[in-house]
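*Asks:* The listed protein sequences correspond, in order, to chains V and B. For the first sequence, my numbering begins at 43 and goes up steadily by one. For the second sequence, my numbering begins at 654 and goes up steadily by one.
Worth flagging that the hints you see were computed from the coordinates, not collected in a lab. Warning: the hint list may mix true and false statements.
To be verified - Going by beta-carbon spacing under 7 Å, a handful of chain V positions derived as facing chain B:
hint	residue
1	Phe44
2	Val50
3	Val52
4	Glu87
5	Pro158
Even for Gly, the Cβ is constructed at its ideal location relative to N, Cα and C.
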Amino acid sequence: MFLLPALVIVGILYYMLIWTVLVSTMDWVGMNPIWKFAGLKNYKELFGMHRFWVNMRNNIIWLITFVIPTGIFGMILAFLLEIFPNFSKIVRPIYLYPLVIAPIVAGTLWAWFFDPQSGVLNSILEYLGLARFKTGWIADPKLAIYCMIAAGIWQNLGFSLVLYTAAIREIPRDHIEAAKVDGANMRQIFFHIVVPEIGHATLIIFSLLILYTLKVFDLVWIMTAGGPGYSTEVLPYLMYKLTFRQLLVGMGASVAVIILIMSIIILVPLSKWIMTRWLEE
Amino acid sequence: MDHDEVVRRMNFLKKAIIISILLLLAIIWILPVYVMFTTSLKTLAEVSKGEYLAFPLKLRVENWTQAYKVLKNPLKNSFLVSMGATFIIVFIGSWSGYALARFNFKGKNKLFFMIAIVTFIPYQIFLIPLTQLIVNLGLFNTLWGMILAYVILNSPMAILITSLFFRTIPKELQEAAALDGCGPINFYFKILLPLSLSGLTSAAVLSFVNIWNEFIIALSLSRDPTTRLAIPVVAGLKGSYVAQWNMLMAGAAIVSIPGILVLIFFGKFFVKGLIAGAIKE
Numbered sequence: 043m044f045l046l047p048a049l050v051i052v053g054i055l056y057y058m059l060i061w062t063v064l065v066s067t068m069d070w071v072g073m074n075p076i077w078k079f080a081g082l083k084n085y086k087e088l089f090g091m092h093r094f095w096v097n098m099r100n101n102i103i104w105l106i107t108f109v110i111p112t113g114i115f116g117m118i119l120a121f122l123l124e125i126f127p128n129f130s131k132i133v134r135p136i137y138l139y140p141l142v143i144a145p146i147v148a149g150t151l152w153a154w155f156f157d158p159q160s161g162v163l164n165s166i167l168e169y170l171g172l173a174r175f176k177t178g179w180i181a182d183p184k185l186a187i188y189c190m191i192a193a194g195i196w197q198n199l200g201f202s203l204v205l206y207t208a209a210i211r212e213i214p215r216d217h218i219e220a221a222k223v224d225g226a227n228m229r230q231i232f233f234h235i236v237v238p239e240i241g242h243a244t245l246i247i248f249s250l251l252i253l254y255t256l257k258v259f260d261l262v263w264i265m266t267a268g269g270p271g272y273s274t275e276v277l278p279y280l281m282y283k284l285t286f287r288q289l290l291v292g293m294g295a296s297v298a299v300i301i302l303i304m305s306i307i308i309l310v311p312l313s314k315w316i317m318t319r320w321l322e323e
Numbered sequence: 654m655d656h657d658e659v660v661r662r663m664n665f666l667k668k669a670i671i672i673s674i675l676l677l678l679a680i681i682w683i684l685p686v687y688v689m690f691t692t693s694l695k696t697l698a699e700v701s702k703g704e705y706l707a708f709p710l711k712l713r714v715e716n717w718t719q720a721y722k723v724l725k726n727p728l729k730n731s732f733l734v735s736m737g738a739t740f741i742i743v744f745i746g747s748w749s750g751y752a753l754a755r756f757n758f759k760g761k762n763k764l765f766f767m768i769a770i771v772t773f774i775p776y777q778i779f780l781i782p783l784t785q786l787i788v789n790l791g792l793f794n795t796l797w798g799m800i801l802a803y804v805i806l807n808s809p810m811a812i813l814i815t816s817l818f819f820r821t822i823p824k825e826l827q828e829a830a831a832l833d834g835c836g837p838i839n840f841y842f843k844i845l846l847p848l849s850l851s852g853l854t855s856a857a858v859l860s861f862v863n864i865w866n867e868f869i870i871a872l873s874l875s876r877d878p879t880t881r882l883a884i885p886v887v888a889g890l891k892g893s894y895v896a897q898w899n900m901l902m903a904g905a906a907i908v909s910i911p912g913i914l915v916l917i918f919f920g921k922f923f924v925k926g927l928i929a930g931a932i933k934e
């Protein structure tokens, strides 16, 4: 009886996953359900689209240029802030607050920052006498995605900071004491004790950050709407556009399935890991 | 972790460099929201001078009143949906989380694993079937439809978090209660819930912030101006007040206030929830 709500909700969610996989094999176009089996036609069409591969490439750009800095800076920041406990009491909340700001708001702020005409960054450059560095930023098809990633890092650094701080605080004190007695300096403590001892946290944090890159939607919507052209689209955005704007529901579902497959590679080990930590006690 | 010994050994210059880097980074981190609040209190003429860091000459509340007029009803909707959904999510989460943490039954680990998967899955995958479900139930364009959608999507996380907190409550307590003739339902309401307030608050705070800031579900499940939520309306401002950054910033500032208040008053619980969701304490 206690389990009933959990079973119902988990049941609905898994039913929806299967439903999506089924719809991805249907020739469903338009608002109303069309259950016409089409085999792998949607996938073939998708793989034949240049747009799809641009999306994939963008997801990979996010994977590399978002996940690595957010993870590593979060780790270093967590370590440095732990060294200065009093100072960090004041500063840490500043890194955290972007987490409670809506991505839509963060995107609005950063879209203005990177705006080529009335943007903050270009006027700062001009003010500093660096006008030659003024550029299109968010309107430049090559740079736009990195502007978005900057906003993503700004928003999520606090997340990796919080998790790394928790992991660093779990390190047994005597490990660090022993190193101190041996006369280790800060850098040695960081690389030889902290980094190896928080390996499990690194696995989880990087997994969650990778999953985040498969969720990015709001920033794309508000900052560039996928443009210029479709140069900054990512898979969730493509899924939304295909389904709700072009009403190609079958194809939208097949994009969802591709996101699902990509996330399962991360989800299964992550969930197993979280489960083993949950079971020990 | 305590570093005083190592810190004492560091020379003054090194300390000063680290502190200034951390401080500089913190300033960069707070700048976007500083600019958001100050710009929202300026006139457009003042904004276009390009002195973004300057404090407004005179505090102009007109933008706020104008943005509030547009946002008044959506804010009310957002409050109803976020509060309502959070309440149900925490109830369901703790109800089933209790079973998961304390009962032994067949397939428990499998169930935990399945819940973990749907907790961390990119939720956009559910968008198409969820929209269909809400439309079929006749709940499209209603607040109840969005509440239902958020309950389905966010309950797994609440189950996970509350079950982790419940595990810290000693088993002996329930055995003692059972001896006094206190059944599991009584135990849940009379002993478990009051003892786990901090865990429940963490789950509630996390759900509330997530739902308040959520965009794609809110965007897809209501197109009716009377039931729209605040975040999609703020996202729409960018189109209706093109380059009127002071208005946009006023709207962005207004919807950011609840999240910031939550962080100020419940920051500890927010952080606890984030950690519990990923790394066991």
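*Asks:* Evaluate each hint against the coordinates.
*Replies:* Hints versus structure:
1. Phe44: 4 Å, holds
2. Val50: Violated. Min distance 9 Å.
3. Val52: Holds, about 6 Å.
4. Glu87: Check failed: Cβ of Glu87 (chain V) comes no nearer than 17 Å to chain B, outside 7 Å.
5. Pro158: 12 Å, violated
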